[in-house]
Amino acid sequence: MATMREIKRRKASIQSTQQITNAMKLVSTVKLQKSRAKAERTRPYTDMMYATVHHVLSCTEQVDHPYLKAGASEKKGIIVISSNRGLAGGYNSNIARLVLNSGIAPEQTVLYAVGRKGRETLCHRGYTVAEDYSDRMESPEYADALEIGRKVLADYMDQKIGEIYLVYTSFKNTVSHEPKMIKLLPVETDQFEAKDSEEDELLMSYEPGEGEVLDALIPLYMNSLIYGALVESTASENGARMQAMDSATSNAQEMLEHLSLEYNRARQASITQEITEIIAGANAIN
Amino acid sequence: MAEGNKFQLRIITPDRVFYESEASMVEMNTTDGEIGVYKEHVPTTFILVPGVLTIHGDDGEKYAALHSGFVEVLQGQVTVLAEAAEWPDEIDVERAERARARAEERLHDRADGINQMRAEAALRRALTRIKVGR
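Heads up: the sequence lines are chains B and G, in that order. Numbering-wise (the working numbering), the first sequence opens with residue 1 and increments by one. Numbering-wise (the working numbering), the second sequence opens with residue 287 and increments by one.
Rather than coming from a laboratory, the hints here were simulated on the basis of the structure. Treat the hints loosely; a few may be bogus.
[Claimed, not checked] Stretches of chain G that chain B covers, calculated by requiring three or more beta carbons in the stretch to come under 8 Å of a beta carbon on chain B:
no.	region
1	314 to 321
2	344 to 352
3	374 to 381
4	384 to 394
[As the list claims (entries may be wrong)] Pulled from the structure, derived: some chain B residues nowhere near chain G, Cβ distances all over 10 Å:
no.	residue
5	K38
6	T52
7	V56
8	L146
9	Y206
10	N286
[Stated by the list, open to error] Calculated lysine to any residue pairs in the SDA-like style (CA-CA distance at most 25 Å, straight line):
no.	chain 1	residue 1	chain 2	residue 2
11	G	K292	B	K76
12	B	K38	G	F304
13	B	K76	B	P44
14	B	K38	G	I377
15	B	K151	G	L409
16	B	K151	G	T317
17	B	K151	G	L393
18	B	K151	G	R410
All of these numbers come straight from a predicted model, not from anything done at the bench. No residue lacks a Cβ here, since even glycine has one placed at the ideal position from N, Cα and C.
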């Protein structure tokens with residue numbers, strides 16, 4: 001059995017770890033509330049944008065537009081949104097796993113990394129990182145999404161990449177977040193048309209013209225999706241960290257209880273032993 | 287103004303629902319120039335350029351600065367999706383003035399391709415802010 005002093009030291013160390021995890025839990029709870037409110041404020045915009053693009057594409061037939069068909073390049077661009085800090089449970093590894101299992105070979109991939117953790121994991125596995133926006137992850141603004149979108153779109157138009165994917169964690173509620181991979185460009189028209197067949201077709205006219213509207217609309221659509229992904233990922237990150245820290249705190253509590261029991265037993269044993277020794281000594285004198 | 291002339295106007299930006307109420311007319315700048323939309327407008331999608339947005343509602347006219355986006359006109363409902371929108375009291379006129387000076391300087395210095403386009407866009411945004419802010 002471990003000595004009393006050892007157990008005591010162990011207890012103190014667990015206790016201080018528990019204090020840290022508990023503090024981290026409280027901090028991420030506050031951050032979660034903030035980022036969640038932000039994600040909810042963004043939703044009307046992204047939803048509306050999605051609905052409009054959906055509507056435009058389902059109304060226009062067979063448009064020959066660079067945004068709607070795959071580029072000539074074999075390379076695929078992936079925007080990977082993870083976090084800059086660890087200790088968030090499976091949050092970062094889920095994102096990395098999604099990319100690794102996506103079936104896209106590392107040699108054919110160009111990464112646009114947002115978040116240090118995801119970048120590091122994927123770098124190890126042989127992916128090339130074209131651009132790193134990790135410093136934007138702290139508090140994503142629309143301007144950041146704009147910058148990423150502009151860069152990715154420029155690469156797409158320069159034929160450096162043929163397809164663009166976005167990997168992020170979608171925020172459902174505080175306890176459930178789901179890593180997701182969506183295709184940004186080329187926009188898949190079939191996916192839109194299939195859903196819209198029952199809706200009444202409104203005859204919509206486009207000023208100045210369908211092509212020009214798509215020209216302006218698709219970059220806006222992309223930026224809004226990137227922005228939505230950034231804010232949802234931040235909310236998910238804080239949610240994941242809060243959960244991870246919550247279970248760490250309760251695990252520490254459990255260990256402390258167990259160790260207290262052990263400590264009391266050890267104390268009891270040492271007292272018993274001392275008494276036995278005294279009695280034995282007294283008997284020997286008589 | 288008669289009740290029947292109102293339509294539902296929604297202005298949404300990435301950060302918030304900027305405006306959501308009834309209006310009788312809304313004016314804005316599109317790639318084709320300035321337009322005004324009344325109720326019963328033909329369903330249309332317009333592309334917006336930075337400019338002043340004017341809402342004619344119950345309590346008179348309201349102005350706002352609007353930067354790039356598009357507007358979708360449906361029957362009885364107009365939805366504006368803008369990358370940024372600001373009320374006059376939210377605009378920092380001094381900052382906009384500085385931005386204007388910077389953009390003008392850049393346009394003077396060198397004019398090549400994308401940079402010129404960006405400087406022009408920045409100039410347009412700054413001018414819009416200044417106009418609304420005053």
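Each hint, compared with the structure:
no.: 1; hint: 314 to 321; in the structure: holds (count 3)
no.: 2; hint: 344 to 352; in the structure: violated (count 0)
no.: 3; hint: 374 to 381; in the structure: violated (count 0)
no.: 4; hint: 384 to 394; in the structure: violated (count 0)
no.: 5; hint: K38; in the structure: violated (8 Å)
no.: 6; hint: T52; in the structure: violated (6 Å)
no.: 7; hint: V56; in the structure: violated (7 Å)
no.: 8; hint: L146; in the structure: violated (7 Å)
no.: 9; hint: Y206; in the structure: violated (5 Å)
no.: 10; hint: N286; in the structure: holds (89 Å)
no.: 11; hint: G/K292 to B/K76; in the structure: violated (48 Å)
no.: 12; hint: B/K38 to G/F304; in the structure: holds (14 Å)
no.: 13; hint: B/K76 to B/P44; in the structure: violated (30 Å)
no.: 14; hint: B/K38 to G/I377; in the structure: holds (22 Å)
no.: 15; hint: B/K151 to G/L409; in the structure: holds (21 Å)
no.: 16; hint: B/K151 to G/T317; in the structure: holds (24 Å)
no.: 17; hint: B/K151 to G/L393; in the structure: holds (22 Å)
no.: 18; hint: B/K151 to G/R410; in the structure: holds (22 Å)
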